[in-house]
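Q: This is what each chain is made of:
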Amino acid sequence: MSKTILIVDDSTSLRTVVKLALSRAGYEVIEAGDGEEALTKLDGRKINLIVSDVNMPRMDGITFLTQVKAHPRYKFTPVVMLTTEGQDATKERGRAAGAKAWIVKPFNPPVLIDAVSKLVLP
Amino acid sequence: MQQLRWTTHRQLAAGLLAGVSWVGAAWAGSSGLTSLAWAAWVTLAVAGVAACRWARHPGEASSPEQDAPGNEAADCLSEASQLWLTHLQTAQSQMREATDELLVGFSQILQDLDHIVAPAEQARGADDQRADVLARCEHQLNGLMTNFDAFVASREQILGSVHTLAQNSGGLQDMAEEVAKLARQTNLLSINAAIEAARAGESGRGFAVVAAEVRRLSGESGSTGRRIGQQIDDLRLQMSQALDCARTQAEADGLVIDASGQTIQGVIREVDDVITQLHERAVELGQHGEAVRQQVEQMMVAFQFQDRVQQIMEQVNRSIEQAIGQVDVALREGQRVDRVQWQAMLQQGYTTDEQRAAHASGKPDGARSTQQASELTFF
Numbered sequence: 015m016s017k018t019i020l021i022v023d024d025s026t027s028l029r030t031v032v033k034l035a036l037s038r039a040g041y042e043v044i045e046a047g048d049g050e051e052a053l054t055k056l057d058g059r060k061i062n063l064i065v066s067d068v069n070m071p072r073m074d075g076i077t078f079l080t081q082v083k084a085h086p087r088y089k090f091t092p093v094v095m096l097t098t099e100g101q102d103a104t105k106e107r108g109r110a111a112g113a114k115a116w117i118v119k120p121f122n123p124p125v126l127i128d129a130v131s132k133l134v135l136p
Numbered sequence: 070m071q072q073l074r075w076t077t078h079r080q081l082a083a084g085l086l087a088g089v090s091w092v093g094a095a096w097a098g099s100s101g102l103t104s105l106a107w108a109a110w111v112t113l114a115v116a117g118v119a120a121c122r123w124a125r126h127p128g129e130a131s132s133p134e135q136d137a138p139g140n141e142a143a144d145c146l147s148e149a150s151q152l153w154l155t156h157l158q159t160a161q162s163q164m165r166e167a168t169d170e171l172l173v174g175f176s177q178i179l180q181d182l183d184h185i186v187a188p189a190e191q192a193r194g195a196d197d198q199r200a201d202v203l204a205r206c207e208h209q210l211n212g213l214m215t216n217f218d219a220f221v222a223s224r225e226q227i228l229g230s231v232h233t234l235a236q237n238s239g240g241l242q243d244m245a246e247e248v249a250k251l252a253r254q255t256n257l258l259s260i261n262a263a264i265e266a267a268r269a270g271e272s273g274r275g276f277a278v279v280a281a282e283v284r285r286l287s288g289e290s291g292s293t294g295r296r297i298g299q300q301i302d303d304l305r306l307q308m309s310q311a312l313d314c315a316r317t318q319a320e321a322d323g324l325v326i327d328a329s330g331q332t333i334q335g336v337i338r339e340v341d342d343v344i345t346q347l348h349e350r351a352v353e354l355g356q357h358g359e360a361v362r363q364q365v366e367q368m369m370v371a372f373q374f375q376d377r378v379q380q381i382m383e384q385v386n387r388s389i390e391q392a393i394g395q396v397d398v399a400l401r402e403g404q405r406v407d408r409v410q411w412q413a414m415l416q417q418g419y420t421t422d423e424q425r426a427a428h429a430s431g432k433p434d435g436a437r438s439t440q441q442a443s444e445l446t447f448f
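Protein sequence lines correspond, in order, to chains P and X.
Per the working numbering, residue 15 is the first one in the first sequence, and the count goes up by one each step.
Per the working numbering, residue 70 is the first one in the second sequence, and the count goes up by one each step.
Worth double-checking, as some hints may not be accurate.
Stated by the list, open to error - Part of the chain X face toward chain P, derived, beta carbon under 8 Å:
(1) 341
(2) 342
(3) 343
(4) 421
As the list claims (entries may be wrong) - Computed Cβ-Cβ distance ranges for the label pairs, DEER-style:
(5) P:110 - X:148: 30 to 40 Å
(6) X:151 - P:133: 44 to 54 Å
(7) P:136 - X:213: 35 to 45 Å
Keep in mind that the hints were calculated from the coordinates and are not lab data.
Predicted model only: the values in this text are computed from it and were never measured.
Even glycine gets a Cβ: it sits at the ideal position worked out from N, Cα and C.
Just need the whole structure built from these sequences, with the hints factored in.
A: What follows is the structure, encoded as structure tokens:
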């Protein structure tokens, strides 16, 4: 049974590229356009890993990450931040909120796949 | 004093345009757009201000407040800023939609390629399948040749029997000769018996009748013996002709079977060659398809620029709105703009390193390529 990954990004084009990379690596992919939509997409279902942007409308990635980690079902779900933000201070905010990895866009698909494969829950 | 304030306001407006200029330059540099795009963007700004001035008719009544140079400049800037933002949002929207459509198209191309381009495992499987098919064909055709050989062998066995029969017919001919010989001897014996019966006179008359009957029978026996001999000769001739014909046919069959065997081997070789060529062609097509697939994947990855451009432009939009708001207040109220707050406002909301680098240097920063990208940190 394939593992399910939730992609959270307000850019449709970015989601398309990420989804393509993950699908070709054998993962099932669910998409959300921002943090709020992502929380509704979780909906109690089994998610093996989350890939999230930081700067998004309505609910940004750090807030979403904080809420995920506060959720009893998803507090151990690994979250990889995929963002244009490369500043150490912002990274530190992500780490403190519970992110497992930080990838600065633009990304190379093999790097994302490598990070996902190392962190994804069985 | 009024003149002094207006001079300050003009400096502020120039500052605003300069501030917007470097933000726009950062966007143009990051997105890889040409300087032409940036020139068009600046032209839009100038055109907006000019349009505002042109729109005010000379005879139009106006209040003293409206006539104040600061208010007029503020109105122009406000109108121009709305125009800039509208154009920027139009450009963003068009670029986003076009990029999304392109990516959907590329995704479809990749899916199609996945179906067309067989993975290496399948190619190896096809190779094994080809060998299996050829081996099966060869086995079946060779089985057919074995059947032909068995058929020929069976016919040769029949011919051997016919040949033996022809040889044995020689014995029948001897037996027919014996019958004829016996008939001749019986005939002589009957003649002698008839002579002796004549000497015996009346008493030998009955015996003479018997002797005559024996002579007639010996004649018929002789005749029958000759007919048997004749028929045996005819049979031997026919069998000899049949054997000659069969030998000729067997030689011809042998040649046909040899030729058939060579033809079969030739067909198998040709089929093997054709399948090999087809396989090589398929492998070649697969390699080209894989190259195209990788190319499309790289292009899709390169389209990430749209996400960065989008974020930069969104920040520019917000920055323009805030800047116009600050300048508007300054112009209308005759206040100076706090330079520290102004700089903080311009930097607010940066999301990319290019924006920060462009701000620090005052020059457009080159776009991050995917080769430079993927800075990965594990926590």
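Q: Compare the structure with each hint and give your call.
A: Hint check results:
The beta carbon of residue 341 of chain X comes no nearer than 36 Å to any beta carbon in chain P, farther than 8 Å, and the hint placing it at the interface is violated. The beta carbon of residue 342 of chain X comes no nearer than 36 Å to any beta carbon in chain P, farther than 8 Å, and the hint placing it at the interface is violated. A least Cβ separation of about 34 Å between residue 343 of chain X and chain P goes past the 8 Å threshold, and the interface hint is therefore violated. Interface hint at residue 421 of chain X: satisfied, since its Cβ lies 5 Å from the closest Cβ of chain P, which is below the 8 Å cut-off.
Distance hint check: the CB atoms of residue 110 of chain P and residue 148 of chain X are about 45 Å apart, inconsistent with the given range 30 to 40 Å. Between residue 151 of chain X and residue 133 of chain P, the C-beta spacing of about 46 Å keeps the proposed range 44 to 54 Å intact. A hinted range of 35 to 45 Å is violated for the C-beta pair residue 136 of chain P and residue 213 of chain X, which are about 58 Å apart.
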